[in-house]
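Q: Starting from the given sequences, assemble the full structure and let the hints guide the process.
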Amino acid sequence: MPEIIKVNGLCKTFGKLQAVNNLSFSVNEGDVYGFLGQNGAGKSTTIRMLLTLIAPSSGTIELFGKSLSSHRKEILSQIGAMIERPDLYKYLSAYDNLKLFAKLSGCKITNQLLMNQLEMVGLADRAKDKVKGFSQGMKQRLGIAIALVHNPALVILDEPTNGLDPQGIADIRNLIKSLSTEHKKTVVVSSHLLNEIEQVASRILIIDKGRKIIEGTTQELLDPNQTVVDIETNDAQKTYTLLSALTWKNHLQPLINDKISLTLHKHQIPDLLRSLVKMNIDVYALQQRHSLEDYFLKVTSGNYVQPV
Amino acid sequence: MYNLFKLELYKIFKRPRTYLSFAAITALIVIIQIGLLKDGKEYISFVLADLGNSFEINGNLCNGYFVCFCILQLLLIHVPLLIALIAADMISGEANMGTLRLLLSKPITRTEFVLAKFAAASVYTLLLLIWVAILALFVSMAIFGTDDIFLVKNNYAVQIAKDDIFWRYIGAFFFAALAMLTVAALAFFLSQFAENSIGPIVATMSIIIVFTIFSTMSIPIFNKIKPYMFTTHMVAWKEFFDVKVNADNESIVGTIQRPDKIINSALILIAHIVGFVGISVYSLKKKDILS
Chain A
0 MPEIIKVNGL CKTFGKLQAV NNLSFSVNEG DVYGFLGQNG AGKSTTIRML LTLIAPSSGT
60 IELFGKSLSS HRKEILSQIG AMIERPDLYK YLSAYDNLKL FAKLSGCKIT NQLLMNQLEM
120 VGLADRAKDK VKGFSQGMKQ RLGIAIALVH NPALVILDEP TNGLDPQGIA DIRNLIKSLS
180 TEHKKTVVVS SHLLNEIEQV ASRILIIDKG RKIIEGTTQE LLDPNQTVVD IETNDAQKTY
240 TLLSALTWKN HLQPLINDKI SLTLHKHQIP DLLRSLVKMN IDVYALQQRH SLEDYFLKVT
300 SGNYVQPV
Chain B
0 MYNLFKLELY KIFKRPRTYL SFAAITALIV IIQIGLLKDG KEYISFVLAD LGNSFEINGN
60 LCNGYFVCFC ILQLLLIHVP LLIALIAADM ISGEANMGTL RLLLSKPITR TEFVLAKFAA
120 ASVYTLLLLI WVAILALFVS MAIFGTDDIF LVKNNYAVQI AKDDIFWRYI GAFFFAALAM
180 LTVAALAFFL SQFAENSIGP IVATMSIIIV FTIFSTMSIP IFNKIKPYMF TTHMVAWKEF
240 FDVKVNADNE SIVGTIQRPD KIINSALILI AHIVGFVGIS VYSLKKKDIL S
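Order-wise, the sequence lines are chains A and B. Residue 0 is where the first sequence starts when you use numbering that gives the first Met the number 0, and the numbers rise one by one after that. Residue 0 is where the second sequence starts when you use numbering that gives the first Met the number 0, and the numbers rise one by one after that.
Hints in this document: simulated from the structure, not taken from any laboratory. All values reported here derive from a predicted model rather than from experimental measurement. The beta-carbon is built from N, C-alpha and C at its ideal position, and this holds for glycine as well. Please note: incorrect hints may appear among the correct ones.
Sample of chain A residues facing chain B (criterion: CB under 8 Å; computed from the structure) [unchecked claim]: (1) C10; (2) L52; (3) I53; (4) A80; (5) R84; (6) P85; (7) L103.
A: Okay, here's the thing in structure tokens:
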């Protein structure tokens with residue numbers, strides 16, 4: 000797959016603050032690229048540099064195989080972006096906002112095209128309403144419609160689920176998936192909602208304090224050796240004692256508030272279940288945790304050493 | 000860029016705030032006209048009190064041309080405020096709404112962006128001035144009629160024949176357009192340093208008020224800096240109403256006493272406009288968009 004984004008040695012300094020520090024990464028065509036980091040990690044600064052809103056202190060950015068600094072207009076015409084919370088023009092309707100930005104993007108506009116976009120984000124019935132009456136979630140959805148209205152090859156969404164209700168979050172998640180699978184677009188999505196990224200991204204970059212911590216496919220980053228299993232039984236104390244006497248001792252985490260947790264390889268879960276049955280323990284629930292959240296918190300804690 | 004300019008105009012004239020300016024200026028002018036309609040003769044007597052002892056002045060002194068002159072003098076501060084209301088919001092308003100980052104990530108250059116925005120603000124300024132001209136000149140002419148204009152200056156009086164006035168107003172309004180575009184350029188320039196429009200509006204008005212005070216006070220230390228302040232040159236439209244006189248001290252029709260002063264002031268104002276817009280382009284090109 001050709002590289003759509005290629006960032007090399009990117010740095011940005013604001014006064015004494017090093018917001019982005021020697022960041023290099025690449026995004027392939029068709030990727031849903033998850034950009035993860037805690038607040039202040041440098042995600043938005045990096046995205047703004049990709050959109051020429053912030054000038055890098057050093058480093059190079061290539062998009063679609065061309066230098067961003069020398070082919071700015073040509074490159075930006077192929078990008079649709081939604082950056083943080085879009086407030087838009089409150090005194091214009093959803094339809095007029097969309098039309099205005101579509102014209103700015105230089106695409107041919109028809110009433111049908113605009114209504115289709117509004118339909119896609121669930122705002123067709125509010126097309127003529129002024130944005131000042133919209134909730135943050137509705138503005139967010141309109142922002143996504145604006146990002147997509149000119150049919151860009153690359154879509155950049157900065158915190159797209161901010162302010163959305165659970166149904167809205169699910170809708171955006173499905174939209175991102177369909178952009179990649181059905182419309183063959185490359186998507187860069189940043190978020191601090193790690194479970195959201197985990198569910199949509201094919202590749203993930205984690206940054207902290209402006210530096211790359213790790214980059215890889217979602218599968219690579221979800222180390223199966225680090226699966227956490229939470230068990231709920233009829234007698235937690237007894238279960239803990241019995242498991243401590245067996246080979247599971249090395250996997251057990253300290254018992255806190257009658258909560259039994261083990262860290263083990265995913266393939267060991269059936270053996271664990273069999274052991275519990277043999278011990279006549281009534282198992283009410285067994286929950287496997289391998290979310291990126293634990294991993295994310297671990298790698299951004301500052302004492303993580305990447306395994307060789 | 001033309002497309003961008005049209006969109007900027009569309010945004011300006013979709014905002015209720017734009018029409019508030021037109022409503023405010025209408026109210027101000029109408030109030031002045033009603034006042035002069037009711038008590039115009041008393042006002043004229045007061046203005047010409049000193050001359051009344053030496054001259055016998057007949058005719059319709061409180062005519063449309065005189066009323067227009069009074070209105071233009073009184074609106075020196077109000078019109079810039081209404082212009083700053085829109086021009087100072089052009090960039091800061093976008094930053095406040097969160098649309099600046101959206102606009103500047105579109106395939107347009109920042110130079111195009113600044114020039115299109117300033118061009119749109121200029122159209123608004125000119126339309127506001129045309130509206131002032133319609134109300135202050137044409138409506139006043141319709142209500143009060145026309146006659147010679149009699150103006151009292153610092154140490155002399157000027158009488159201009161009725162048929163020699165209209166073209167002077169055309170010239171005065173063109174010059175006023177230049178002066179108001181300077182205000183728009185200043186407000187526009189300040190607009191990019193703030194994330195809401197209040198700061199740039201207050202800053203623009205403060206600069207105009209302080210500079211106007213400096214320009215009107217005859218204190219030696221201020222006199223040295225007066226030629227460099229744009230407010231000194233903004234009032235040069237009044238030069239259109241100073242005529243050359245012949246040996247008998249009679250006005251020479253079709254003349255202006257100091258045309259060089261008008262040209263000089265116009266050039267200085269143009270230089271300010273180019274300077275403010277040029278610096279705006281330069282600094283926005285260098286600016287990181289963090290809003």
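Q: Each hint should be assessed against the structure and marked as holding or not.
A: Hints, one by one, checked against the model:
Because the beta carbon of C10(A) sits about 14 Å from the nearest beta carbon in chain B, more than 8 Å, this interface hint is broken. A cut of 8 Å between beta carbons decides the hint on L52(A): the least distance to chain B is about 4 Å, and the hint holds. For I53(A), the interface hint holds, since its Cβ comes within 8 Å of a Cβ in chain B; the closest pair sits about 4 Å apart. Interface hint at A80(A): satisfied, since its Cβ lies 5 Å from the closest Cβ of chain B, which is below the 8 Å cut-off.
Given hint, R84(A) at the interface with chain B, holds; its Cβ is 6 Å from that chain's nearest Cβ, closer than 8 Å. Taking 8 Å as the C-beta contact cut-off toward chain B, the hint placing P85(A) at the interface holds, the least distance being around 6 Å. For L103(A), the suggested interface contact is upheld, since its CB lies about 5 Å from the closest CB of chain B, less than 8 Å.
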